[in-house]
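Participant: Below, each chain spelled out in residue letters.
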Amino acid sequence: MSDGGAPTPEKGKLALYWAASCGGCEIAVLGIDDKVLKVAEAFDIVLWPCVMDGKVRDIEKMPDKSIDLCLFNGAIRTSEQEYMAQLLRRKSKVLVAFGSCAAEGCIPALANMNTREEIFQTAYHDTPSTDNPDGVRPQIETEVPEGTLHLPLFYDTVKTLGQSVEVDYYLPGCPPEPDRIWDALVAILTGQLPAPGSVIGATTTVCDTCPRTRNEKKIKEFKRTWEIIPDPDTCLLEQGVVCCGIATRAGCGALCPTVGSPCIGCYGPNEGVVDFGARMMTALASVIDSQDPDEIDRIIQEGIPDPIGSFYRFGLANSLLRRKALAHNGDGRVAEPA
Amino acid sequence: MSESAFEPKIVGFLCNWCSYRAADLAGTARMKYEPNIRIIRVMCSGRVDPTFVLKALSLGADGVMLAGCHPGECHYIEQNYKTIRRFKMLKHTLRALGIEEERVRLQWASAGEGALLASAINEMVDQVRELGPLYWPGNWADNEGSQDAIQALPREHAEAMEVPA
Amino acid sequence: MTEKVGVYICHCGTNIAGPVDVEEVARWAKENLDGVVLARDYRFMCSSLGQELIQEDIKNEGLTRVVVAACSPHLHEKTFRTACSKIGLNPYLTQMASIREQVSWVTEDRAAATHKAKMMVAGAVRRVQLQEELQPTEVPVNPNTLVVGGGIAGIQAALELADAGHKVFMVEREPSIGGHMAQFDKTFPTLDCAACILTPKMSDVGLHENIELLSYAEVDSLSGFVGNFDVRVRKKARYIDEDACTGCGICIEKCPKKVVDEVFEAGLGYRKAVYRPFPQAIPKFPVIDRDTCIYFERGTCKACEKFCPTEAIDFEQTDTYLDLNVGNVIMATGYDLFDCGKIPQYGYGRLANVFTSLEFERLCNAAGPTEGHILLRDGVTEPQSVGIIHCVGSRDKQHHAYCSAVCCMSALKFGHLVMEKTGAEVYSFYIDMRPLHKNYEEFYDRLLQEGMHFIRGRVAEVTDAARLPGEDGKLIIQAEDTLIGKQRRIPVDMVILLGALQPRFDAKETGLKFGVSAGLDGWFTERHPKLDPVATMTDGVFIAGTCQGPKDIPDSVAQGAAAAARVQGMISKGTVLIEPIVATIEEARCSGCRICNTLCPFNAIEYLEDKAVSYINPALCKGCGTCVAACPAQAISGAHFTNDQIFAEMEGLLYDVIGSNGATVKSPQPALEPA
Amino acid sequence: MRYGYYPGCSLTGTARPYEVSTKAIAGPLGLTFEEVEDWNCCGATEYMSLNKTAAYALVARNLALAAGEDKPKDLVAPCSLCYLNLRKTNHYMAKYKSLGKMTNQALAAGGLHYTPGSLNVRHLIDVIVNDVGYEALGARVTRPLTGLRVAPYYGCLLVRPDLNGGSFDDTEYPTHLDRLMETLGAEVVDFPLKTHCCGGHMTQISAETAYELIRRLLHNAAEYRADLLVTLCPMCQFNLDAYQTQVNRHLGTDFHLPILYFTQMIGLAMGMEPKALAIGQEIVSAASVLRKIGTAVEVEEAPQTRRKRDDKSLPMPRIREG
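Residue numbers (the working numbering), protein chains in the order written: chain A, 1 to 338; chain B, 339 to 503; chain C, 504 to 1178; chain D, 1179 to 1500.
Hints may be right or wrong, so weigh each one.
[What the hints assert, rightly or not] Part of the chain B face toward chain C, derived, beta carbon under 8 Å:
hint	residue
1	343
2	349
3	361
4	373
5	411
6	420
7	444
[Said to hold, decoys possible] From chain B, some residues computed to sit far from chain A (all C-beta separations above 12 Å):
hint	residue
8	367
9	424
10	448
11	454
12	460
13	464
14	465
[To be verified] Below, a list of computed lysine-lysine pairs in the DSS-like style, where the Cα atoms sit at most 25 Å apart:
hint	chain 1	residue 1	chain 2	residue 2
15	C	1011	A	220
16	A	13	A	55
17	C	924	C	977
18	A	38	A	93
19	C	805	C	761
20	D	1230	D	1201
21	D	1490	C	924
22	C	689	C	670
23	C	1016	A	220
24	C	760	C	689
25	C	757	C	739
26	C	787	C	760
27	D	1251	D	1201
28	C	1011	C	900
29	D	1273	D	1249
30	C	977	D	1251
31	C	977	C	845
32	A	55	A	65
33	C	761	D	1490
34	D	1230	D	1266
35	D	1230	D	1279
36	A	35	A	13
37	D	1490	D	1470
38	C	760	C	809
39	A	61	A	13
40	C	738	C	787
Simulated from the structure, these hints should not be mistaken for lab results.
C-beta: ideal position from N, C-alpha, C; glycine also.
Construct the complete structure from the given sequences, taking the supplied hints into account.
Facilitator: Rendered as structure tokens:
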């Protein structure tokens, strides 16, 4: 560290890293306001690319497990991000998947509905704003007179942090609410932590904190948000709006439904759930008010035109199937069974 | 794997009251059917969480069959209507993920319909055999060349350190 | 895994050991499956020696989990559970793999069969290690019983219980008990007069100190669970004060309004607006029919009130509700007759002299509209020839595929009555004669002797369009006589249609109310078609008589008595064990979203307003798991069918796809090269 | 309402009046018929029993020609034979995949293809009673057929076979034509032989048999004092009309029962001139019975069915609706 002076021996070391994500998590850290000073009291920050200069090689040189806490936000989209995840895992005592991208893939992982080839085709060729007459594409290796330049490998499938390395704790949210961040930091600092591998958060869902009145549910028609001016006091789902609050872990304080906007599921699934989308699918389907297969089909097709966007907006990478089928997976099995 | 050697693995979820008894009946009547299905007993087709289907596919199953009492005939009165709804919803999502129709099937079979269940299993096995392996884990296991690229990085960093600032 | 699993592979003689290499399966399981401490194969696991083998191993080897790969769990799950519990292992820590029904009997290739058996054993082994000890709960049984429906089945059930000293509430929709049997004239094959054998039983019910008869009443709602049901009964307004009425019948005599009696007289006779369906009605109190009473129509008349000697008429009466507590319920809600007008080619409703079986019963009945004279619709002419058509709406894929069971015998009975009373020629058009109970075949033989004509063939049509000499003014029955292979046209004066027995028009609704499921054809479903014919899926709710399926009087009576015996068993035991395979909601995880609230047809799920969470009443839960699968927060778990148990079973079943570690294939994690 | 229209051979020949009257009423009822271009024979009743493959291909050609994105989805056939053949082919091609495949192979030779189920094959009367509806039809009646006793004759092919619930009325005892005639104001006879055989092509094979079948129908209608029979099938109309004289001569009867198409009756009730409906082209002239409408014919009041004191008769069963 160049600016903090010599670290006092009792101070811990903190690293924050940013992989495939929007940067919102970085800002969310600042959302804890003046409590950030308490963080500074407790830790020396050894890596925080967003805020201060630092070199990866400095981290590489550190002994293993010499970082006390690493808050890692962002999903794993490239080989460089995976390398950093592995590096920080090795150097950190506690690695936290910070925010939805690291925890479950989030918006970057919606790219799993496409292949690398499709993404490159769009990004480097098809978009109207692209001017690329030579059809240049990023290469992993480029020879220049000075030597070989490297770019990270762009993966076909976005992964979560947990799918790349072992994660100690997960802090969900897009981004995590400042209060929850502080709660987690307090828990980490005081050592009052749940079992490794678990999520630091509530064990119930958004409905628990939602002020709207809930009744028995029967849905004849799903509505998109622009099709309805919802009644301010009744459960949005009962009004036909696909609200993910039923399945989404509490922690946000039901910010969206409180102001009439349905929950989109950024806090991820509740404790113990393996597939967020499955919970939404089964819950919504269960309360469709029809016994006629054709009508049920119609209600679903018309009401939920984009099931992945509706049910896996934040969790596609972390879902059981993780992505859309790759065309080339069909014939050749990747691994032979034993 | 050569095409002729491919034998699909199909997981079946059968309700205790109708379809599992149909499987019993198919057995008692010595009706031969394809050995590719492996059956899990649930009390009602209404117990079949979409997660089960996704889990089976993610584990590498080539297809999943849900079987229950005919609509209107459920031993729990009307729970299989919920199965229809969830099945339709799940298929909607599976379609979006590029999974072929034939791989996930809902089959009604009452306790007396052993032959129907057996022929449905045969039909499904044939269909899935024709589609070929699904082997879903293969979809995310192939970020090809990632290990090389990852391992190149520390080398590069080490080299970079040699360069005077 | 710390569990010690014992695996037992049954040979079932050669049933399994023939097509499956059982030794190989046992060897493989022992070598490859985590947690398996021993794996044995044995000739007959279900034999007492087989069971002892397991018990010895539990005792000596300290097994904590048992897997038996044998026949279907529907056959021997109970056997092995009991064997284990006898030696102190909780019965829910056993698991079966159905390698007979699902493998050896259905698989041709031995290698494939052996492989599939291994996978199924792997599934059971992985699952059983996650299974948990479960204990059934014990609840007391209220000794009172509700009998719904006062036909012969309900009457029998009520009397059996009441005679044994138990309190019975009988709810009957019509003004009198008696059901369809009270409408009949004679009963086959003995030709006993129906009224003569029924009315004593009816009055027994009316007078019995242990029976509280609630006639002209319907069950409004049923809640609670086996041993402890809460019933709400709606007593429809009779407009007669039952305490004051003596049943003298003057009101009926004086009532000026005559209407067609669609129920008791099957539309063939008339009754007054204030009426008793028939003279021997139990209870004796009449009912004022609000829909046809002149007073309710126009506000004047009140003739009944003027003449009633005890001032029992009360036009101000309203429906009242009664709350009862009972331990068990017997449903004997009966059947409806098929609407014969749905087969228009048989002419019912178009051709005057086409009658239904129920109409004919009334025609024949001495207390009926013609005082027992068999007459054509003009009310004067005796028929000289009568055609009886079987299977009208039964054994007909357009209507009901099933056989209505009673029509063949009714036809014989009708034939006999017609010949006896009128001397007319009788032609029966049947598909198959099915006189299949005691003395029935003999009765058929008797009718053959008596000269009834039997024509084997489905009737094409009944028409008044005469074509041949002798057909003018007659009803012509056209049918193919399949025994002689010819079309026949039989001109007759009267046609009797033996309409199908079909479920009550509101059976579905009733089933929902009582938590009883129905088959596709609408009859209530018994718990087991052979071994548990009067119990239903809802513990404490039994079915008897024709609500379960078409049957004749002896069968209905037998079922009524059987249901009563089952109830008595429950009462004498005093308590019931509630199956522990139920769903529970973990309060801390429930957010009270209320998705599950509408999903339970047994009303086991309630929403606790104060805690803002949902709650499952374990006594009402039947363990189907639908709510478990629906909960978006995964706050509900289903005992013995948890997600983890099912995932584990799946991983075992896919052992050959995912290998022994059970983990989904991940991209390999190479060790990092140090910088 | 747009419909594909398959007239079939009869309507261009012996059943001209059917086509003329159909076209006459179509406009006022808001029906637009688009005739299938280059249609061919449906194979009638015989071809199916001679060579199934060829027969199905023959019918399917018409379906292929009638189907298309820009074409109406409903294909209307006024002739019961054509209707049955088209309907059957549409149904069986879907039900029996091999048949569908084979038929399409045959069609492919002519560069055609038909996806079974892409058309709804419908009979003209189905369209009129269900799409136009009794109510709308009743509203257009300006000259009610009051006083005419009409025997509705459906023939055997209209509602049979059921083809998995595909019939639009009861397969044994249909009633829509009855109700249609009532809507037009006619007095409808409950004609028991309404779906019995008209003889079909037996007139060509065994005239005796055909005469007897025709006699039964005429006899029964006469028994019921019908003024005329109303049909919806060219074959029925032709047999009953054209052979009536022969039946009379052969069997010594004396029937004079005009046979008209239901479309002609609708036209009359809507106030159209008989000539515009090709009435007068029938062999057994309808002129005399039709005098009943429009002229001041006394309608007999039906006697009140009040129950007399000494009347011992039993009530008739109530017929439940639906």
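Participant: So, for every hint listed, does it hold in this structure?
Facilitator: Status of each hint after checking the structure:
1. 343: 13 Å, violated
2. 349: 6 Å, holds
3. 361: Nearest chain C Cβ about 6 Å off; hint holds.
4. 373: Check passed: Cβ of residue 373 (chain B) comes within 4 Å of chain C, closer than 8 Å.
5. 411: Holds, because the Cβ-Cβ distance from residue 411 (chain B) to chain C comes to roughly 5 Å (cut-off 8 Å).
6. 420: 6 Å, holds
7. 444: 14 Å, violated
8. 367: Non-interface label on residue 367 (chain B) holds, nearest chain A Cβ at 30 Å vs cutoff 12 Å.
9. 424: Residue 424 (chain B) is in fact no farther than 12 Å from some Cβ atom of chain A, at 4 Å.
10. 448: Residue 448 (chain B) clear of chain A: closest Cβ-Cβ about 18 Å, beyond 12 Å.
11. 454: 18 Å, holds
12. 460: With a cut-off of 12 Å, residue 460 (chain B) remains clear of chain A, as the shortest Cβ separation is near 23 Å.
13. 464: 17 Å, holds
14. 465: At roughly 15 Å from the nearest Cβ of chain A, residue 465 (chain B) sits farther out than 12 Å, so the non-interface label holds.
15. C:1011 to A:220: 22 Å, holds
16. A:13 to A:55: Status holds; Cα separation ~15 Å.
17. C:924 to C:977: 20 Å, holds
18. A:38 to A:93: 20 Å, holds
19. C:805 to C:761: 15 Å, holds
20. D:1230 to D:1201: Violated: residue 1230 (chain D) and residue 1201 (chain D) sit about 33 Å apart, past 25 Å.
21. D:1490 to C:924: 19 Å, holds
22. C:689 to C:670: Violated, because 32 Å separates the two Cα atoms, which is more than 25 Å.
23. C:1016 to A:220: 24 Å, holds
24. C:760 to C:689: 31 Å, violated
25. C:757 to C:739: 23 Å, holds
26. C:787 to C:760: 20 Å, holds
27. D:1251 to D:1201: 20 Å, holds
28. C:1011 to C:900: 21 Å, holds
29. D:1273 to D:1249: 24 Å, holds
30. C:977 to D:1251: Status violated; Cα separation ~48 Å.
31. C:977 to C:845: 22 Å, holds
32. A:55 to A:65: 18 Å, holds
33. C:761 to D:1490: Cα-Cα ~15 Å, so holds.
34. D:1230 to D:1266: At roughly 12 Å apart (the allowed maximum being 25 Å), residue 1266 (chain D) and residue 1230 (chain D) satisfy the hint.
35. D:1230 to D:1279: Roughly 14 Å between the alpha carbons, so the hint for residue 1230 (chain D) and residue 1279 (chain D) holds.
36. A:35 to A:13: At roughly 17 Å apart (the allowed maximum being 25 Å), residue 13 (chain A) and residue 35 (chain A) satisfy the hint.
37. D:1490 to D:1470: 37 Å, violated
38. C:760 to C:809: Distance ~15 Å between residue 760 (chain C) and residue 809 (chain C) Cα, so the pair holds.
39. A:61 to A:13: Cα-Cα ~15 Å, so holds.
40. C:738 to C:787: 16 Å, holds
Of the hints listed earlier, those the structure fails to meet are numbers 1, 7, 9, 20, 22, 24, 30 and 37, in rising order.
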